[in-house]
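Line order of the protein sequences matches chains A and B.
Take 199 as the starting number for the first sequence in my numbering and just add one per residue.
Take -3 as the starting number for the second sequence in my numbering and just add one per residue.
The set of hints was computed from the structure by calculation and includes no laboratory data.
Predicted model only: the values in this text are computed from it and were never measured.
Take the hints with a grain of salt, since some may be wrong.
[Stated by the list, open to error] Pairs of lysine-lysine, DSSO-like flavour, derived with a Cα cap of 27 Å:
1) 385/A to 276/B
2) 266/B to 276/B
3) 266/B to 478/A
[Claimed, not checked] Distance windows between CB atoms, simulated:
4) 19/B to 299/A: 37 to 43 Å
5) 130/B to 289/A: 50 to 56 Å
6) 10/B to 299/A: 46 to 52 Å
7) 127/B to 256/A: 34 to 40 Å
8) 127/B to 204/A: 33 to 39 Å
No residue lacks a Cβ here, since even glycine has one placed at the ideal position from N, Cα and C.
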Amino acid sequence: MHKSLKKYFPIFVFPVLAAFAVSFLIPFAAGVYLSFTEFRTVDTSTWVGLDNYIRIFTEDETFLNALWLTVRFTFVSIISVNVIAFSLALLLTRGLKATGFFRTVFFMPNLIGGIVLGHIWSLIINGVLGFFGVDITYDPSYGFWGLVVLMNWQMIGYMMIIYIAGLQNIPDQIHEAASLDGASPAKTLFSITIPMVMPSVTICTFLTLANSFKLFDQNLALNGKSPDTSLLALDIYKTFYDHTGLRLAEWHGTGQAKAVIFFLLVAVIAFIQLRATGRKETEH
Amino acid sequence: MAAIKFRNVVKSFDDGKVTVIPDLSLDIKDKEFVVLVGPSGCGKSTTLRMIAGLEEISGGELFIDDKKVNDVAPKDRDIAMVFQNYALYPHMNVYKNLAFALRLRKMPKKEIDEKVRWAASVLEIEPYLDRKPRALSGGQRQRVALGRAMVRNPKVFLLDEPLSNLDAKLRTEMRSQITMLHKRLQTTFVYVTHDQTEAMTMADRIVIMDKGVVRQFDTPQKLWSEPADMFVAGFIGSPGMNFIDCLIVRRGESLCAEFAGNRLRIPSAKVKMLEPYEGKNVVLGIRPEHISAYTGGINTRESCVITVKADIAEMTGGDVNVYFNLGESRCIARIGTEKKISAGDSVPLLFDGNSAHFFDKVTSKAIGI
């Protein structure tokens, strides 16, 4: 059985491998190649070596600002989303009344698309700021915190569900043993509960990190017009589409180079994070 | 080291809609090894958890060492508990599992180390101190769970079916280890099990529970020889006691029990207590061990020979369990292997009247106890 399966292994793997190659590997490789070229369309590219990468750090004024903003935004989002989601998960696993209702309510924002969400929050935030005679573009910090609020509103429910699953996986008797051992609720939380939900922490941190770093549509809809509050993904988009005229091919290449740097950053940070939190995981 | 007293304790769930323990009064002495035993759902684990403080008491009073503990938090009761599924902290190694409670008490590191190593050496788990629980076998995990309780030197040791996840051989081994541990620690042990062999072999006294009610609280010997009612008589012993409906009649000078066309003379010691039942139906209880194969030897006045048709003959090693019907009662006899018996054989059996028990048919209580 095992042997005959091995024999036909290439036949079974081929369709998936072909689809993966056509839809991901080839475009990815083409993307990396294009970052070293100037192009208007993908088949009219001219090799320029590292020019695009050099231009990002010399001529382009927005990339470093967007990178720094993205790093700050990701850092704040990871902490706020996970702390609030975990706290809600703790509350909603205490057997309180209407737990099911609240779980559904908290999860619902996740079902709304990013563009719609961005517009809804843009209306809300601008509505509030309107009382003070300003809007979200008035100060970059407004846009930043608006994005943080939006991200939290959207992600908390999803992360909460993952934490609830993790918490429910801890046998009640472990907590009972801790209380008999003399552990206070706070001590139980930090010495028993959190170490035992490390698999959930790993996946939630990874998801928040990746989603925050890649945030695009919410950013576009909420404060896309403000030049100071573009995160990396939006900045790449603007590099591509906000330039016109003779140097269009150059900026296309530059946008592509930014996308490659963006990919490397996300991959490296996610890898480090998975290694760091994964090490603290324990099977139980 | 502590005595535990239950005074009319009630435990109910769902705002009093479901009562699992209606009225429990129990005195467990200091340093005693008490086993709570009974069928599933009888309230034995709930009773143990009430001692631990893991279940609130709905009514009545619970005392540990003459101190009322109804509202005392588990951590302040100075008790340790060993759980059925061990409940070890999976992210800590064995050493840290054992040391956790001591660290919480802010005990000096040196003292913690001494206690952990002492417990580890007593339980023979020293080589595993650096291992995480998942790298241990069931028996080793159970020993770690015992060690975690030992290092604290608690007033009361609670054990909730600690051996039920182990295989038969390991269970026997651990049983004797726990008994030795009790002798060594000189602490009150309260042990929950549904296995009567564990109860009989380990306990100083056994609490037999059924539907939240204590049926009998006595020494293993007394439970065996003087069961308070049919439930206890049927629960203790494997196979359980045979129950046969019989009529108490006087034949000449003697009082006899008549059943399925047979007659058993009532032993003189039991005549007085059965006289009020003359002409009435009672239940005759006789253990399978007290029915033997009749080989034609001397038949005493208080025994009778009944020839039965064996339906099933089960070889158990040293004995054979013979199943047969007597009137409407299904009975089992445990007899020696000297004579080969097969299903369908007619077997003459000797019923030992001196070992017979009699129960009131209405109340199911033992007559004369």
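Just to be sure I understand the hint, the distance between the Cβ atoms of residue 10/B and residue 299/A should be within 46 to 52 Å; is that true here?
Because 21 Å falls outside the window, the suggested range is violated.
Residue 266/B and residue 478/A were given as a pair; does the straight-line alpha-carbon distance stay at or below 27 Å?
violated, 70 Å
Measuring from beta carbon to beta carbon, are residue 19/B and residue 299/A in 37 to 43 Å?
Holds, at about 39 Å.
Could one say that the CB atoms of residue 130/B and residue 289/A fall in the range 50 to 56 Å?
This hint is violated: roughly 30 Å between Cβ atoms.
Within 27 Å, alpha carbon to alpha carbon, are residue 385/A and residue 276/B?
violated, 66 Å
Cβ-Cβ distance between residue 127/B and residue 256/A: within 34 to 40 Å?
violated, 57 Å
Holds or violated: residue 266/B with residue 276/B, Cα cutoff 27 Å?
holds, 16 Å
Just tell me: holds or violated, for the beta carbon distance of residue 127/B and residue 204/A against 33 to 39 Å?
At 37 Å between Cβs, range holds.
In summary, the numbered hints that this structure violates are 1, 3, 5, 6, 7.
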